[in-house]
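What follows is each chain in one-letter form.
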Amino acid sequence: MSSHAATGHIDHHHDHTTSTGIPNKKLLWWAFLASDCMFFGALISTHMVYRLNPPPGNAVPTQVFNIELTSFSTFILLMSSLLMALAVNAIQRGNLKSTRTMLLGTMFFGCIFLGGQVYEFEHFVHAKKMTLSNSIFGSTFYTLTGTHGTHVAIGVLLLGMMYVRTFKPANGGGLFKNFAHLLAIGVTFGVAFIWFVPGLIEVIYGLPIGDLMRRAAIPLAVGAAGLLSLFWFGRSRGAVEFGEKNAIDVEAIGLYWHFVDIVWIIIFTAVYLLEYL
Amino acid sequence: MSAPATAPAAAGHHEPSKFHFYIQVAMILSVVTGIEVVLVYLPLAKWFVVTTLLVLSAGKFMAVIFYFMHLRWDKVFCTILFFIGLVLAGGTMWALLHIFGADASKPLSAAALELARLAVA
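Protein chains in written order, with the working numbering: chain A, 1 to 277; chain B, 1 to 121.
Just to be clear, a hint being listed does not mean it is correct.
Each computed BS3-like pair below joins lysine-lysine, with the alpha-carbon atoms no more than 25 Å apart [what the hints assert, rightly or not]: (1) B:75 with A:245; (2) A:25 with B:75; (3) B:18 with A:25; (4) A:177 with A:245; (5) B:18 with A:97; (6) A:97 with A:177; (7) A:245 with B:18; (8) B:106 with B:46.
In short, the hints are calculated from the structure, not lab data.
Bound conformation, chain A alone (with noise of 0.2 Å):
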């Protein structure tokens, strides 16, 4: 926990009550996420290797890729990146309200770019026929992109664990309305990425929107009504615990988000644009 001194100030950078003079909870997650670039590091080389010497048959990269949608999703990312940092200054503010802003914020910007993923990953198998077990390129480029979406929705579970979080009751309780709360933001923000973003980039690209809802009218039902109780669950019921003394542990998810837009920033360029040259 970051230092606290008897006039309450708290000191957000250094905690003199450690050996390090650095917040445990910080050093912990700055030693997780080193050993999370050695994670990405082999993922990287792998399908790089099989890029600079392919074996026959491969996929050919830039016509199986989007790179207006990729784009996309590359700035979407960054400005969730934003809205993560622009959180972490607002509780080190002690604004609560402006923090929960900035969490649904990040929430939504990575469920958008979850859902460019699966948008992506759905249109390269079945239009382009390119799926994880039938070349080199699909295993290597599904693995290592699907890590990273896999880390980017952890990253957005954790966010709606954090935000729930700032609604718990200063005089103790609330832990099933709690529970019902996180239901209803995993509800919502799956149904999001899973259905309803994918499907808005198909009517973009010209998809009937009938078609979508036929497709989905369930699931987008029930996102909708989820969407709607999130409006019930976010109002202001009193007094909560969370304040700026646990600007700490927005800090450290903030950390684990940052660090998934950073290995974004390097696969798009390694897997995606040194493709088009």
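Knowing the structure of chain A, use the given hints to seat chain B on it.
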């Protein structure tokens, strides 16, 4: 845990907000991303495009870790810790690319694969 007597004592003081600074960094990152996308379509030398893309990506990477991830304002040990992992990952990538770039590691062409199959049969 109680803080030692030497801890800073500014009652109710918050450090200046970095709101506008973060917005500026994000705008710069967006512009750089746009430049990267346009660059691959320009009729320039391949070595120049690759180098520029790598430099721009590295710049974006550093901007996110030092500004959004706060390394710029945290203790230097956090930077060292992260860079240990980064250097190990980079070294592993370099080693793998060199190992699998050696002639003996390269996949056979379709014709050579067929010849090898016939030889075994």
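Exercise. Holds or violated: are the alpha carbons of residue 75 (chain B) and residue 245 (chain A) at most 25 Å from each other?
Worked result: Satisfied, since the Cα-Cα distance of roughly 20 Å is no more than 25 Å.
Exercise. Are residue 97 (chain A) and residue 177 (chain A) close enough, with their CA atoms no more than 25 Å apart?
Worked result: 19 Å, holds
For this session: Please work out if residue 106 (chain B) and residue 46 (chain B) have their alpha carbons no farther apart than 25 Å.
Result: Holds, at about 23 Å.
Exercise. For the pair supplied as a hint, residue 18 (chain B) and residue 25 (chain A), is the alpha-carbon distance within the 25 Å limit?
Worked result: 22 Å, holds
Exercise. Has the given pair, residue 18 (chain B) with residue 97 (chain A), been kept, meaning a C-alpha gap of at most 25 Å?
Worked result: 17 Å, holds
Exercise. Does residue 245 (chain A) lie within 25 Å of residue 177 (chain A) when you go C-alpha to C-alpha?
Worked result: 23 Å, holds
For this session: Would you check the hint for residue 245 (chain A) and residue 18 (chain B), treating anything up to 25 Å between C-alpha atoms as holding?
Result: 19 Å, holds
Problem set entry | Distance restraint between residue 25 (chain A) and residue 75 (chain B), which requires alpha-carbon spacing of 25 Å or less | 14 Å, holds
Consistency note: the structure conflicts with none of the earlier hints.
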